[in-house]
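Visitor: Listed below, chain by chain, are the residues.
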Amino acid sequence: MKDKAAPSGSKLTSGRPEGLIDPVSLMKIKSMELRAKVIVEGFWKGIHRSPYHGFSVEFTEYRQYSLGDDPRYIDWRLYARSDRYYIKKFEDETNLRCHLLIDHSRSMGYGSGSYTKSQYAGTLAATLAYFLYTQGDAVGLATFDDQIRQYMFPRNRPGYLRRLMLALEADPEGGSTELGPPLQHIGELLTKKGLIILISDLLTSLDRLEPELSYLCTGGHDLVVFHILDPAELNFDFDSPALFQDMESRRNIYVDPSDAQKSYKRMLRQHLARTESICGNLGIDYHLFATDRPFDLALLDFLHDRMHCHKRIRHRGRPKTRRTI
Amino acid sequence: MSFLYPLFLAGIAAVSLPIILHMIRRQTRKRVSFSSLMFLRTTVPRFKNRSRLENLPLLILRCIILCLLAFAFARPFFPREEGGKRVPPVKRIVLLIDTSASMRQTGIWNQAISEAQSVLKGLNPTDRVSVMSFDQGTETLIGFEQWDAMDSARRSATAAGQISNLSPGWAATNLGDALVTAAEAIEDDEVNDERQKFATNRIVLISDLQKGSSLEALQAYEWPEALELEVKMIAASGLTNAAMQLIANRDHLAPTAGDELPSVRITNSPDADVERFALSWAGEDSEETSDRGMEVYVPAGHSVVANVPKRADYSEPGKLILMGDDHDFDNALYMAPCLTHQVNILFISSDKAGDSKGMLYYVHRAFRPTGAIEPAVISRPAENLTDADITTAHLIIAADTIATERIDSVRRYLETGRTVLLVTKSIDTAKTITQIIGIETIDSQEAEVDTYAMLNRIEYKHPLLAPFSDPRFGDFTRIHFWKHRRINIDDLPGAEVLAWFDSPQDGQAHNDPALFELRVGKGSLLILTSGWHPSDSQLALSSKFVPLLYSILEYGGVFSNRQLQYFIGDHVPMLSSAGSASLEISKPDNSVVHLNDDEESFTQTDLPGFYTIRSSARDHIFALNLPASECRTTVMPIEDLEMLGVSLAQPSKYSAEHPELSVGSRSTRAGHNSSFAGMESEQKIWRLILIVLLAVSFIEIALAGWLTRSPTNLEAEKT
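First to last, the sequence lines map onto chains C and U. Residue numbers 1 to 325, in this note's numbering, belong to the letters of the first sequence in order. Residue numbers 1001 to 1719, in this note's numbering, belong to the letters of the second sequence in order.
Take these hints with a grain of salt, some might be off.
[What the hints assert, rightly or not] Straight-line alpha carbon distances no greater than 27 Å define the calculated BS3-like cross-link-like pairs of lysine-lysine that follow: (1) K1232(U) with K1352(U); (2) K1030(U) with K265(C); (3) K1232(U) with K1121(U); (4) K1483(U) with K1352(U); (5) K262(C) with K1030(U); (6) K1211(U) with K1232(U).
[Said to hold, decoys possible] Some residues of chain C that are not near chain U, with every Cβ distance over 10 Å (derived): (7) V38; (8) W76; (9) K117; (10) G136; (11) Y160; (12) D171; (13) G180; (14) F238; (15) F244; (16) A260.
What the hints contain is simulated information worked out from the structure, not anything from laboratory work. Each residue gets a CB set at the ideal place from its N, CA and C atoms; glycine is no exception.
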């Protein structure tokens, strides 16, 4: 399902679907773990029963049915062929690694509402971590600005999620945005294939993005990009001239929004298009999120993409990308 | 329309500044923190769009208020016009003409008259003029009221006629006093005539501006700010001017020998081009020189002292003439024989003139003829004293008791301001004191001096004893007094003791009055309680005796203010008539002036030459010459006037080099503005502007309040 709801606070505000949790209300929950839990459990409740249980796992091999196994996993085609009961063995028994790559640069500290992109990104990361962790996946965390600042190895042990949530609750240091070195570093750190979820505003030069992402893809990693932007960054709907200050470079320029909006949007569209193109060329799932988008919708999109990802044959060409604005 | 302070109109330009800022609305104060400027470019500030000018009426009203405020401060006025033309500012002018002796220089006076005539021709019908002449004093020929009362068509002609009758005198130049008098006349006219309160004030000075002019009066005078001085300097054609001054004998008491030649100082002007001159005598009534001439050499800017040429008889008045320079007004020096006065000294005593044991002997020797006086000591025993003796005396010294029948005459003598010295040779002499001052009795006794008494506690501040105040002359301790009379001054009200005796008596020191004074009417009765003859004291033998007697004589006004030389303008003291009813004084122009008995000095000294005092006794001649200052004909730098605070109409080099010190420019501006200030003060347009400003302010306040109360209207307009 596609969400047609527009982010709140922008010119295109048109309300959000019923049953979805307002991010503003969610952000009032101080505990990241609790916040993620609310989102995930709310999500499950919304869909009653998860047909995606164990979705993140991949079928790897058969084993003979034993008394007590879940008959849902009996491969009936194989029984028709062999007249024996066999159970599909999934990857959850082989520990899938997921790496959450969170942008903690200074630009992520911008927020036109009551919370910043960094807080939204952290909540999104926490939601995905909670979801994956409860699914039995190993989840790790890396924060970066112009370099990796913090790294937690993917694990699925009791108490580790708590540590991960605490790490996500910490305020970012805030340097300038630089994608190349952190991605390169991650590529060096990850020895085994896994899922890399990049959460960033990508407000930087994209020149090194493609080669670094390509390197990661070549290494067999599965990448998902969550492009987080504030509604004010997407619409630039300021009403009066002012001195605009870059949060990272501290540079000031005088801007009259009524004159600058058009060119701003054009340049932004070009940037987004190029980002999408890069991801598409590399087969990376790309999601553009406004920070007023409900988290459960983001989770839904993520799951939907993962389901389609399992069914399609990976080949060169453009995979499906989704922009949810 | 004109403005009194047009600089305030610059405030109108400041009104545009908030409008421009209002239109730009750069609002650089507003800052917005944004994630990244990678998609933003700098925007050029532009004027507000139409939607931001919703408060245009308020803006216009506020601009009007500021403009009105600037107008009010600029003080607008409408210059006076008559017949379609602007009336020039009214001028108040004092025409000050120098009539001192230096204006007699060759060719100067005609130029001065011509300048005065041209000033009168250049007057406007609305100008107020006063004409004054000055030399030592200032005289008003035509006052401002008199000018105003005259027919306007005939004013200039009348003034010109009066000026043409002027001629230079012989007095010195008191320029400072003349300028102060003229300035005060203008100030008085400002106060008296409100119609012309804001006229331009000016003094037009026509003078040779010689260096000898006195400027003392300007030193203590604060020159009015709105008053200018225009100097029309009259320059003499010739540069060389030499003058003579008689060098007076230092000791006017010493007799002059008949063959001693007087000396004169000859001064030559600094810019002279002639240095050789000739001195010669002229007769009393003739300008012709005698055969005897003497050449003198005086370099330019220097002076030389020379003896006068020889004459046959110096006992007669003589006129010394200097020849060789360009201006002869100061080339005559009048020299009269020394004016001696006969002084009658009446000595009342039975002493013989040749008796050295008596007091008279020493009086004769003390009073000798000098260059100033010819004393005649008249000795009379008390019983032979007559009223005529008393009235003709210039000083009475009584050493005996005066007869009762002569007491009234002596008292009258004292009351006219004369002096009597009463020497108490015996205690009986004290009786004279009681009779003169009119008391019953007085305690008087002979002091019993052990050895000798000395004078002490001397009142040197008293005019009688002031000549002895110098420590070199004030030691009286060497004079021993063997005897003296002790008089109880407590019995004499008003007695002033001038000296005391330090007298050892009965082994104790006593202080008895030695010399005391009693005032009787205008005169003075001096009592000396010891004689100066040898049996009484050593006073006659001391060096203090003669000066003391002459001091007493001078204290009695015998030759106070005596001098050998007199100058134009001096008051010549006349010796008291000593019996004659009045004096006649014959002036050089042969006019005669009568002086009454009560006139102590002769003041009509306006002509140089010889004056003759004709009295019943004998004729006395004295000479009057030009003041030396009037002979300094070099032109005074005009900066000297500026440095005394005078505002000049034509700025000098001094004021150009020192603009911060010169008041000329301020005075010019003050004068220029005074008439405009007057018009503006009459019209007071600024009040009307302020009333309009208040009305506009009320409208602005009401409009702003109404706009504030309807915000929905504004919001609707904005969207």
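Visitor: Could you run down the list of hints and mark each one as holding or not?
Guide: Outcome of the hint check:
1. K1232(U) with K1352(U): violated, 73 Å
2. K1030(U) with K265(C): Given pair K1030(U), K265(C) holds - Cα atoms ~23 Å apart, limit 27 Å.
3. K1232(U) with K1121(U): holds, 15 Å
4. K1483(U) with K1352(U): holds, 21 Å
5. K262(C) with K1030(U): holds, 22 Å
6. K1211(U) with K1232(U): Between K1211(U) and K1232(U) the Cα gap is close to 15 Å, so the pair holds against 27 Å.
7. V38: The claim stands: V38(C) keeps its Cβ more than 10 Å from every Cβ of chain U (closest is about 28 Å).
8. W76: holds, 54 Å
9. K117: violated, 7 Å
10. G136: holds, 37 Å
11. Y160: holds, 32 Å
12. D171: holds, 17 Å
13. G180: At about 16 Å from chain U, G180(C) clears the 10 Å cut-off, so the statement holds.
14. F238: violated, 7 Å
15. F244: F244(C) not clear of chain U: closest Cβ-Cβ about 5 Å, inside 10 Å.
16. A260: violated, 6 Å
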